[in-house]
Amino acid sequence: MTMLQNILYGGQFMNLTYQEVKKQYTALHQTFNYMLEHRHAIEELRQQVQPTSITFVGCGSSYCLSESAAFSTRLYTDMPASALAGGDLMLNAERYAPLLANTLLVAPSRSGSTSEIIEAIQRVRKLQPLSVLSLSCVSDSPLSTQADLSLELPWAFDHSVCQTRTVTNLYVANLLINAFWSNDEKLIEDIQSAIQMGEAYMEKVEASIREVADFAWKRVILLADGELQGLANEGAIAITEIAQAEAHAFHLLDVRHGPMVTIDQDTLVIAALTGEGTSYQHDLIQDIHARGARIIALADHANRMPDALVHLGIVLEQPLHPAAQGIPFIFIPQIVALASAERQNINPDQPDGLEAWVKL
Numbered sequence: 000m001t002m003l004q005n006i007l008y009g010g011q012f013m014n015l016t017y018q019e020v021k022k023q024y025t026a027l028h029q030t031f032n033y034m035l036e037h038r039h040a041i042e043e044l045r046q047q048v049q050p051t052s053i054t055f056v057g058c059g060s061s062y063c064l065s066e067s068a069a070f071s072t073r074l075y076t077d078m079p080a081s082a083l084a085g086g087d088l089m090l091n092a093e094r095y096a097p098l099l100a101n102t103l104l105v106a107p108s109r110s111g112s113t114s115e116i117i118e119a120i121q122r123v124r125k126l127q128p129l130s131v132l133s134l135s136c137v138s139d140s141p142l143s144t145q146a147d148l149s150l151e152l153p154w155a156f157d158h159s160v161c162q163t164r165t166v167t168n169l170y171v172a173n174l175l176i177n178a179f180w181s182n183d184e185k186l187i188e189d190i191q192s193a194i195q196m197g198e199a200y201m202e203k204v205e206a207s208i209r210e211v212a213d214f215a216w217k218r219v220i221l222l223a224d225g226e227l228q229g230l231a232n233e234g235a236i237a238i239t240e241i242a243q244a245e246a247h248a249f250h251l252l253d254v255r256h257g258p259m260v261t262i263d264q265d266t267l268v269i270a271a272l273t274g275e276g277t278s279y280q281h282d283l284i285q286d287i288h289a290r291g292a293r294i295i296a297l298a299d300h301a302n303r304m305p306d307a308l309v310h311l312g313i314v315l316e317q318p319l320h321p322a323a324q325g326i327p328f329i330f331i332p333q334i335v336a337l338a339s340a341e342r343q344n345i346n347p348d349q350p351d352g353l354e355a356w357v358k359l
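So for the sequence shown, numbering that gives the first Met the number 0 puts the first residue at 0; every next one is plus one.
There may be inaccurate statements among the hints.
As the list claims (entries may be wrong) - Lysine to any residue pairs mimicking SDA-like chemistry, simulated, CA-CA at most 20 angstroms apart:
id: 1; residue 1: Lys217; residue 2: Glu341
id: 2; residue 1: Lys125; residue 2: Ala84
id: 3; residue 1: Lys217; residue 2: His310
id: 4; residue 1: Lys203; residue 2: Ser192
id: 5; residue 1: Lys217; residue 2: Ser192
id: 6; residue 1: Lys217; residue 2: Asp265
id: 7; residue 1: Lys185; residue 2: Arg73
id: 8; residue 1: Lys217; residue 2: Asn346
id: 9; residue 1: Lys185; residue 2: Thr76
id: 10; residue 1: Lys217; residue 2: His288
id: 11; residue 1: Lys185; residue 2: Lys203
id: 12; residue 1: Lys22; residue 2: Pro153
id: 13; residue 1: Lys22; residue 2: Gln145
id: 14; residue 1: Lys22; residue 2: Gln191
id: 15; residue 1: Lys185; residue 2: Ala84
id: 16; residue 1: Lys22; residue 2: Tyr200
id: 17; residue 1: Lys125; residue 2: Pro97
id: 18; residue 1: Lys203; residue 2: Leu311
id: 19; residue 1: Lys203; residue 2: Val314
id: 20; residue 1: Lys185; residue 2: Asn346
id: 21; residue 1: Lys125; residue 2: Val137
id: 22; residue 1: Lys22; residue 2: Lys125
id: 23; residue 1: Lys185; residue 2: Gln195
id: 24; residue 1: Lys203; residue 2: Ala301
id: 25; residue 1: Lys217; residue 2: Lys125
If you're looking for bench data, these hints aren't it; they were derived computationally from the structure.
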């Protein structure tokens, strides 16, 4: 039995949030199979609606996922796409009406009950027809009843206030929707591969993540591009909620345009390295290293990892589609957040001032 297992069985980490983090891959297997079963319905909805755009809408974590999903749509399909915060759309439905003309609205949600989303859909529909594809983690939610096609993932529902397992599953569901719409079989295969290696991946890297993050950092900076940028924003939210600490997300090279001034020996940096422009990325990591920050980096190939410059270099078992790399990536800030909460004697299941979902 490993030291980590001894601690786990001793109960130190057995809060509900941690349990849900560790069960995310069990849920992902179900989500992957469920989405494959509904592939035809997802493709048929788009064919029936014939939208001129796709609009993703969400609140909090779901908005971060919507940003990732909209990027995927723009990149892999022939459709323009945007992401809106639910509260923004609710307040400004009339002003945003031109943006929503003949759109297909996709709404990922843990509860399917968040007031801003429900009211936003109702307000838009008073102005113009609106087709809705909902993704929720409960059955028969208020959101589901408003949708033209409702996809329900109850096995991915997080009972704790802060979303972890739910986030990863909704990210994968959104990604599969775009893979179906673009007939990207390679992306589908790589999503499945990422899920299949998930349990071994968590077992391999968790203790190392905890060790590197075990210092009195004052802030976490997450760096990622593409779909992973929205996911990095979600990682920052998780750290803010669970560890009650400062966290921000930026595009990889964009961190030089201002945020670099905040990086110092009190900073933990989590970076998702991509397969292109490796020398530029290594130069960036060198600059961050020189400022004294601790660095955790993820890559899917050893030659993309600047081992001498990072405190933990996580190289995936096999190369993955860049979007599929988000599945193992999000585990890093989740564990960093939990480790910090434990170090501070914060109960991650009871964040001050937060509710699992907002009812206005």
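Hints not upheld, ascending by number: 5, 11, 13, 15, 20, 21, 22, 25
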